[in-house]
Amino acid sequence: MEASSWDALRKQARKLEAQLDEQMTSYRRLVSSKPDGLVADLESGIEHLLKQLQQVNLQMQTWVSSGGSQIISHTLTRHKEILQDLTQEFYRLHSGLRVKQERSSLLEFRDYDRAKADMEDGADSAEHALLKEQAAISRSSGQMDHVISHAQATLGTLVLQRSTFGGITTKISNVSSRLPTVNHILSSIRRKKSMDTIILSLVASLCTFLMLIYWLSK
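Residue numbers (numbering that gives the first Met the number 0): 0 to 217.
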């Protein structure tokens, strides 16, 4: 084989090694920082260059096996060491990156579960507060119904008393038409009836108002 073929192989090997050094520098930077979408493309490019360099080394091995000098053999050994170092470093960084990505995914999943649990707890708290508010409204409605019922009963009593006084007044009026002397008594009874009605109304209103104040202050 001609020496020019060996020189061409060495030149190609050095070119590939320089490209790998450049891309490995970028890959180290991405791995040490937060990886982005460029990582996959960079990994693919590095793997392609490593395969090309391996093919060149095999061609150089064929050259040495055909009867190359000791100097050529030493040069091939050096290129093989460079290929081995680059390959080992790449796969070491690649494995570290995968571990980092898996850890990040686990943390995100844990944060998601925590956020989901917080939302569920918040929903349970909101539901509990709503039920508590509904129970308070029901109790308030029951107390209001009791106050209204009591007021209606008081009003019914007043109406009954008024009807009773009305019947008495009618009877006395009939007697009055027959006995003019009782007009003065009739007038007194009417005045007392009006006064009693007013007093009863005031007492009932005051009782109702006090019950409302007591309920609202609870």
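One should not assume that every hint holds.
[As the list claims (entries may be wrong)] Below are the SDA-like pairs computed for lysine to any residue, each with C-alpha atoms no more than 20 Å apart in a straight line: (1) 14 / 60; (2) 79 / 8; (3) 192 / 208; (4) 192 / 204.
[Said to hold, decoys possible] Beta-carbon label-pair distances, calculated as ranges: (5) 14 / 76: 15 to 23 Å; (6) 133 / 39: 24 to 32 Å; (7) 133 / 202: 35 to 43 Å; (8) 17 / 38: 17 to 25 Å; (9) 25 / 50: 17 to 25 Å; (10) 65 / 27: 34 to 42 Å; (11) 43 / 80: 23 to 31 Å; (12) 54 / 99: 28 to 36 Å; (13) 205 / 130: 31 to 39 Å; (14) 104 / 25: 32 to 40 Å; (15) 60 / 39: 25 to 33 Å; (16) 7 / 44: 32 to 40 Å; (17) 130 / 210: 41 to 49 Å; (18) 104 / 11: 38 to 46 Å.
It is worth saying that the hints were derived from the structure and are not from the lab. Computed from a predicted structure; not experimentally measured. Glycine included, every Cβ here is placed at the ideal spot set by N, Cα and C.
Item checked: Distance restraint evaluation - residue 7, residue 44, Cβ atoms, bounds 32 to 40 Å -> violated, 23 Å
Notebook entry, point to check: Taking 15 to 23 Å as the hint, is the beta-carbon distance of residue 14 and residue 76 inside that range?
Noted result: holds, 19 Å
Item checked: Holds or violated: residue 192 to residue 204, with C-alpha atoms at most 20 Å apart -> holds, 18 Å
Item checked: Pairwise beta carbon distance, residue 104 to residue 25, judged against the given window 32 to 40 Å -> Between residue 104 and residue 25, where Cβ atoms are some 24 Å apart, the hint is violated.
Notebook entry, point to check: Per the hint of 41 to 49 Å, is the separation of the Cβ atoms of residue 130 and residue 210 within bounds?
Noted result: violated, 28 Å
Margin query: Quick check on a hinted range of 24 to 32 Å for residue 133 and residue 39, using CB atoms only.
Written below: violated, 56 Å
Notebook entry, point to check: Is it true that residue 54 and residue 99 lie within 28 to 36 Å of each other by Cβ?
Noted result: holds, 31 Å
Next item on the list: Sort out whether residue 60 lies within 20 Å of residue 14, counting only the CA atoms.
Entry: holds, 18 Å
Checklist line | Range hint 38 to 46 Å (beta carbons of residue 104 and residue 11) holds or violated | finding: holds, 40 Å
Next item on the list: Indicate whether the distance between the beta carbons of residue 25 and residue 50 respects the range 17 to 25 Å.
Entry: holds, 19 Å
Note to self: Taking 31 to 39 Å as the stated bounds, is the beta-carbon spacing between residue 205 and residue 130 within them?
What the structure shows: Taking Cβ atoms as reference, residue 205 and residue 130 lie about 37 Å apart, which means the hint holds.
Margin query: Quick check on a hinted range of 35 to 43 Å for residue 133 and residue 202, using CB atoms only.
Written below: holds, 36 Å
Violated hints, listed in ascending order, are 3, 6, 14, 16 and 17; each of the other numbered hints is respected by the structure.
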